[in-house]
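Protein chains in written order, with the working numbering: chain A, 1 to 391; chain B, 1001 to 1415.
Think of the hints as simulated: they come from the structure by calculation, not from any bench. Keep in mind it's a predicted model, so treat the numbers as computed, not measured. Here a beta-carbon is modelled for each residue, glycine too, at the ideal position from N, C-alpha and C. Treat each hint with caution, since some may be false.
[Said to hold, decoys possible] Label-pair restraints from in silico Cβ distances:
| # | chain 1 | residue 1 | chain 2 | residue 2 | range |
| --- | --- | --- | --- | --- | --- |
| 1 | B | Asn1206 | A | Ser229 | 46 to 54 Å |
| 2 | A | Lys258 | B | Ala1285 | 52 to 60 Å |
| 3 | B | Lys1250 | A | Thr252 | 49 to 57 Å |
| 4 | A | Lys258 | B | Val1237 | 45 to 53 Å |
| 5 | B | Ala1393 | A | Tyr254 | 43 to 51 Å |
| 6 | B | Ser1391 | A | Gly192 | 37 to 45 Å |
| 7 | B | Lys1103 | A | Glu202 | 39 to 47 Å |
| 8 | A | Tyr254 | B | Val1237 | 44 to 52 Å |
| 9 | B | Glu1153 | A | Glu241 | 39 to 47 Å |
[To be verified] Cβ-to-Cβ under 10 Å is the rule here; a few derived chain A residues that face chain B:
| # | residue |
| --- | --- |
| 10 | Arg23 |
| 11 | Val24 |
| 12 | Glu25 |
| 13 | His29 |
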Amino acid sequence: MPFKPIDCLILTFVLAVSAGCGRVERRPHYDEPKDYGRPPVNIAPVNDSGDAEIPGSTPAAVKVDPVNPDTVVASILFKGTVDPDSFRFVTSSGDLLNPWSMPGSKYLRKYFEGNQSVLLYGRQTYGDEVTGVSKLFQDGISGTADLGVLVGGESESGTQRLERIVGNDEIDGACPTAAVCIRSMLWTPNTGKIRTFCYRDETTGEATIVPYAPAPNFPAKDAKKAAGSYGPYWVDTFDGEVNCAKLELDQTPYESRKIIIRFIFNPNPKMTYMVKQRELSEADYSVRVIVDKLGRQPVMNEQPYVDAITRMQGESEYFMNSREKTLLKVIKRTRKSINFPGDDTWIGSLIRTYNSLSPITGIMMDVHAEYCMNLMDDTFENFCSPTGLQP
Amino acid sequence: MKTICRFKFTNTFVTLTLAGALTSLAFTAGMAQAQDLFPAGVEAKASGMESAISSRSAPAALYNPANLGLEHAQKKAYLEAGLIRARMAYEHPQFDQVFVEVKSPVATAGITGSVFDPRLRAALTIFPAKSGGLTIDGIPQPIGDATHSLSVENNDQTIKTALAASWTLAPGINVGSGIIHSMESRSISAQVVGSATAILDQKMSNDFTRGIAGVRADSKLGSVAAALTSSVRKTYVGERSMAGGIPRSKPEAVSFEPAVFAAGWSVPVGPVRTEFSMNHRMWGAASGIMREGLASESTGADIHDITETGLRLSWVAIPTLTISGSVANLPSPWGEGGILNSRETSVMGPGFGLSNGVDRHAIGLLAHSSDTRFGNFDVGMMNVWGSRTVSAAGANPGHYQTDIMTITAASTFIF
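With the sequences and hints as input, model every part of the structure.
Here is the structure:
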């Protein structure tokens, strides 16, 4: 039987399809979190002059229980030269809180790596497991206050100050667990006008809070709860400094934008073990926060420029010590444990975040912040350091 | 990290192939792709590489003109048409993966036949190696001391025309020579994502000519063939404008096509024929010639000679049908680039879109049937793939992957 061209075609096609599938891996080749090529920006030394601004970015999620000071904690690691004694929390009313005089301060310790870091540490608690609403931030800092004003980022262009807040029953809107939420943002450029950014619910038009960044010091199982889309929100931009919660009738924004904020949770399946060196276990995840200006498609690999996308990444590394050997072995054997079961099973973490900028402010900024939490008691060596891995 | 990638074609399929546009994604214009993404003709594709021993009919004018001596004296037309699917991925250590997939037609056309003397064969071949446009919304590229995500629009066209002839010195012994003319033109526009101002807008074009000569000897014991193709240094005319630089100036890019020594032998054993092909590409000569000309005005490339090898087995299934399978190893001539110990300035390294930026493996299949209603009819496929990681010290650090699949058919018929 003569061979026909169509036979050749069919034969070759079948062989081609079977031979040529899937040569290009779409999975990430690099395990390290992306920082988009932005070098960390050292945060200037704190000025202990009573200034209401604190250098640094969003501090670690903390909870202070005034009833039981032994569970207090705050753990913050700033890059740059910092005098730990000068560190202060600031409430929205401008009151300075000295962590060294707070309840539980006997557990606050100083940790120095050269003169570039300060670490305060103690116990960590998590968000509300039932409601998924975080009640952590600032609660203990001011005792009763649920909000604070902190520097969200500094750059060569200016300073971004956040009215930081957490969701609770007294606040309209819910702040998702493992997210840092803000009610407003104040942008103070080095040159030009000060501007305030207020947020309104798209439907009701009422002032609301918006998730701003992934919160550090959360295990993956809690951070995962923050995944999803939030909004739409109206972002009203005002000239000057205004109180978003109490706007005057004659205060009208010169610009309003509608945004949706998306939290994308990315568990990292890779775990590394350094048992011989430090009996150290790591588990990490990242949360990417993307702010989409409605009507605009995000662009691949887009640097977080004006009116574009903000990406914020958090990475957590969890540490264990010899007391957790048993658990460590279990984890190593099953290789499934980015979901640590609870606050008693891990004893420390280092979180690095890269808050590249806010598209809401329309200003590009570079902020690199690190947070370190160590829950070990005073009989254990502290693993936390600026690198997070070496003592 | 989840990868997000979009691409789109920006032009119509006026010419026969768009896949070559991929090769120009190497934003660095100086890398104007001296090596084609795929070879011309179904025989070469099915061999997984350009071959001095396997090439037949009109495409032989590009790889070994002496093979034209095997062609029939009557004038024959050669028409090849196929499809290519090219996938390339690049992940910079600090950026999401860039992934591009292009599906496009490919083609080669030509005529062969005897002229003036029965011992003289001639061929004219046209091979559109690149033609098309591509837009990438974000690709990381080093600019100055930092890496930025660039939105790149690119249009690229390369048409190769080969005119060659062979002379039969004695039965079974042929020599041949020819010229390969390339018409190249490309335009590229790039801007930092989020910025409204283009950091680069460049148009460049020129014509280049290379010489090729070959020899082939055939006997009952087997065949041997060899060919030598000359090198060419490529400079361009056109204009470029760069943000913060000279508004309009001549393109500074300098590219290069290396001299290639190709050889091969073929031995028949019963119905099975074994062919070995080898191409030695003298890329080392380009190390002091190539100039990227965009981010850097300095000359130099981290590139060296390589030798490609391939093995092909053909089986005569029935008198009118031959089936062959081949494997080939195609190493990359590129080092990593960057600051080399021997130089004080940064030199070029591999970039995204370079067809030979990674070490590749190739497999090919061919079904050749003769005396069909379409004359001699060939159907073939080629799959080329590879990956590499360029370290942080390299000129363009990151992880590169390539996968190219081609299915093609060709007909050779008397006219």
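Status of the hints after comparison with the structure:
no. : hint                             : verdict
1   : B/Asn1206 / A/Ser229: 46 to 54 Å : holds (51 Å)
2   : A/Lys258 / B/Ala1285: 52 to 60 Å : holds (59 Å)
3   : B/Lys1250 / A/Thr252: 49 to 57 Å : holds (54 Å)
4   : A/Lys258 / B/Val1237: 45 to 53 Å : holds (49 Å)
5   : B/Ala1393 / A/Tyr254: 43 to 51 Å : holds (48 Å)
6   : B/Ser1391 / A/Gly192: 37 to 45 Å : holds (42 Å)
7   : B/Lys1103 / A/Glu202: 39 to 47 Å : holds (41 Å)
8   : A/Tyr254 / B/Val1237: 44 to 52 Å : holds (50 Å)
9   : B/Glu1153 / A/Glu241: 39 to 47 Å : holds (43 Å)
10  : Arg23                            : holds (3 Å)
11  : Val24                            : holds (4 Å)
12  : Glu25                            : holds (6 Å)
13  : His29                            : holds (4 Å)
In summary, the structure agrees with every hint in the numbered list given earlier.
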